[in-house]
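Chemist: Order-wise, the sequence lines are chains A and B. With the first letter of the first sequence counted as 1, position 109 gets the number 108 in numbering that gives the first Met the number 0; the numbers rise by one all the way through. With the first letter of the second sequence counted as 1, position 114 gets the number 113 in numbering that gives the first Met the number 0; the numbers rise by one all the way through.
It is possible that part of the hints are untrue.
[As the list claims (entries may be wrong)] Not close to chain A: a few residues of chain B, all C-beta gaps over 10 angstroms, as computed: (1) 20; (2) 21; (3) 23; (4) 43; (5) 230; (6) 345; (7) 381; (8) 412; (9) 428; (10) 444.
[Said to hold, decoys possible] A few chain B residues facing chain A, derived, Cβ under 10 angstroms: (11) 24; (12) 88; (13) 146; (14) 226; (15) 342; (16) 389; (17) 425; (18) 426; (19) 432; (20) 434; (21) 441.
[Claimed, not checked] Derived, one-sided and incomplete: chain B residues facing chain A with beta-carbon distance under 10 angstroms: (22) 155; (23) 159; (24) 225; (25) 269; (26) 273; (27) 375; (28) 386; (29) 390; (30) 442.
These are computed hints drawn from the structure, not numbers from a lab. Glycine is no exception: its CB is placed at the ideal position from the N, C-alpha and C atoms.
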Amino acid sequence: MSTAHDSPDAHVDSATGKSTTGHEWDGIRELNTPLPRWWLWTFYACIVWSVGYWFVYPAWPLISSATGGLIGWHSRTAVETQLADLTALRATSSARLANVPLDEIERNPALLSLARAEGRVAFADNCAPCHGAGGGGAKGYPNLNDDDWLWGGTLAQIQATIEHGVRAGDDKGHQGNMIAFAGVLTPAQMSDVADYVRSLSGLVPAGEPAVARGAVVFKANCAVCHGDDAKGKVELGSKNLTDGIWLYGGDKATIVQTIAHGRGGVMPAWGSRLPASTIKALTVYVHTLGGGQ
Amino acid sequence: MTAHATGTEPAAHDEADDEPLYEARRQIYPQRVHGRFRRIKWAVLAVTLAIYYLLPFVRWDRGPDAPDQAVLIDFPSRRFYFFFLEIWPQEFYYVAGLLILAALILFLMNAVAGRVWCGYLCPQTVWTDLFLAVERVIEGDRRARMRADAGPWTLEKVTHKTLKHSLWLIIAWWTGGAWVLYFADAPTLVVELATFQAPAIAYASIGVLTFTTYVLAGHMREQVCTYMCPWPRIQAALTDEYALNVSYRADRGEPRHSIKKAAALRQAHLPAGDCIDCSQCVVVCPTGVDIRNGSQLACIQCGLCIDACDTVMDKIERPRGLIAYDSEANLEARRAGRPLVRHIVRARTILYAVLILAVAGLMLTALARRELEGVAAIHDRNPLFVRLSDGAIRNAYTLRLANKKLTERSFRLSVDGVPGAWLDIVGAAGDLSVTVGPDQTREIRVLVTTHAPLPPAASLPVTFTIRDAATGIAAHVTDHFIGPPESAP
């Protein structure tokens, strides 16, 4: 605060004739330039206004909760309201998808972009944890961008797979699985058949003796499901072993492991979890990733 | 200088802490004035307000697929229309250029003739002038208003005040109303507003602007300039000794005497200034400053004191121009008896002019070269590439085609840069032509596939071209085609 001064003029700046605040730094004083009255009142009004928040909104922490506020606003309720509004907003566009056959959706540019937009969001919410953000897949989870389909890549087949899942306990779901051959084949036979399978996509030279031995084993044990040409069967979900695309990996150790212990990956049935229009949008989205048939 | 800065009484305050926290309002009652600058101000007021209130109603035919309002900010469809121009949101740089141009023009005006903006063109000045005119018509001129404000509340005073504030509010409401018309079809919105069918945001915007106009132009007036506006501070840093400013010629005016005394002194060949201390320059001032104290922050340089002083000089038969547009250099020259100098062309003004021409030239060039078609690409991020069952490598892209013409156009899509690559548009069944509606964009998913052997970890530049089937005009975008880390076995 200000120190004692000899004359009352000590608080007046001679150059401007203005009074000073009395604060002094090395002989330099601060001019007193007060705000207009309305400005000060606005400031006070803001303080009074801010007190209102204490009562109108949740503010005071209690032991296990907080005061509720007079208007009952709650951040969780606000989010729920917004989500409900959004769902209502989407209902119209979803209804447009519900009544149109899948192939017609793909032919109509407006419906296609609508389905892809809705499908992209639904995919990110439900499918991306296993299949990857863009359906790129991972070990045990198919890449949905390529043209190698376990259960078929037509619109109807994709829709059926999404709706009923794979080995997910749904009666209409896909059931077939890769049997474990550990007790059926000897380790040497498994090694031979692995070499044979790898030779089908050029990973092992076809002239190797093991390949010839493996071919015999394959014909006797594997061709039932994978077919004589090893190109797989859609109705059984058996893998095409000739196209260089692998679900679990194409190295020999992984293939031997697959033969010995079998595979039985599960995809949930989404029919009971998602609305029909969302499944349609997902079907179109997956089909248009690039590999759809 | 003779007068002290107003509003301070040094001896009254022993302790700064005892002073009020606020500066009490000094009510200003500007007096009516006639003259050259007042006429210029009326003209500017009429023209600027006419533009503001009427522009939304000007029509401009753009065909059936676009609005016919000459100036329209169409937020729902994200378009800005200005007569023959149509700006998309991604072309906001035109607006940035316009703002830069406006700032430079402001600088140039300031270097040539001081605060022309503040005195004549600023909305705060224009609307305050309008509100003051209303006040004067209803409550009378300066003296009548001062007498009424000091006197008791009579029926006449109540009537006058009610009428004044009602008229102010009507003007303020009209001001807010005109503002919202720039954001929707004006004639339609006027009908909707009148029948209470307009969207709530329109009424809310009008309400807010009614309030701000009424408060800023009716009540706060000069306080906006002295307390809130940054421009007076910036202007002080931009001016120089050659800039024309409204100035009092102390060499001619001092010493001040009454008419009779000045005449007597002149007869005796003694020095007598032309200023008769009639205070006309102070009473007409809309910000309440005394121009005889020299250039100051609160002076908006509207020139009304020039008109007032010229009127008085005519009456007392002394030459006009005791208060006039003058430069600091000339004030100094007069004091020292040197010849006057005029330096309109100087480094500062040349620099501003060159910058203005450069920015304007750049903008015009950009506008003239503005492309009416465009294409943008986003490469799929997951997966970056896909190996197909026959060994082919495929990359997927999302392309967005833009058609800025107001007619539907068909583009043919092609790809270059990847050996042996072919294109597929998802959902198009092999058709490579894409139709984009008038003034629209369209997003398509595109697959680029090749059988050609690629080097390991290939990342080839790939160029997509869209070519207008009718005119042959093309647009390009370049992205990358990614291959697998190792080449296929």
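Chemist: Output the numbers, in ascending order, of every earlier hint that fails for this structure.
Modeler: 1, 2, 3, 7, 9, 10, 12, 13, 15, 19, 22, 23, 25, 26 and 27
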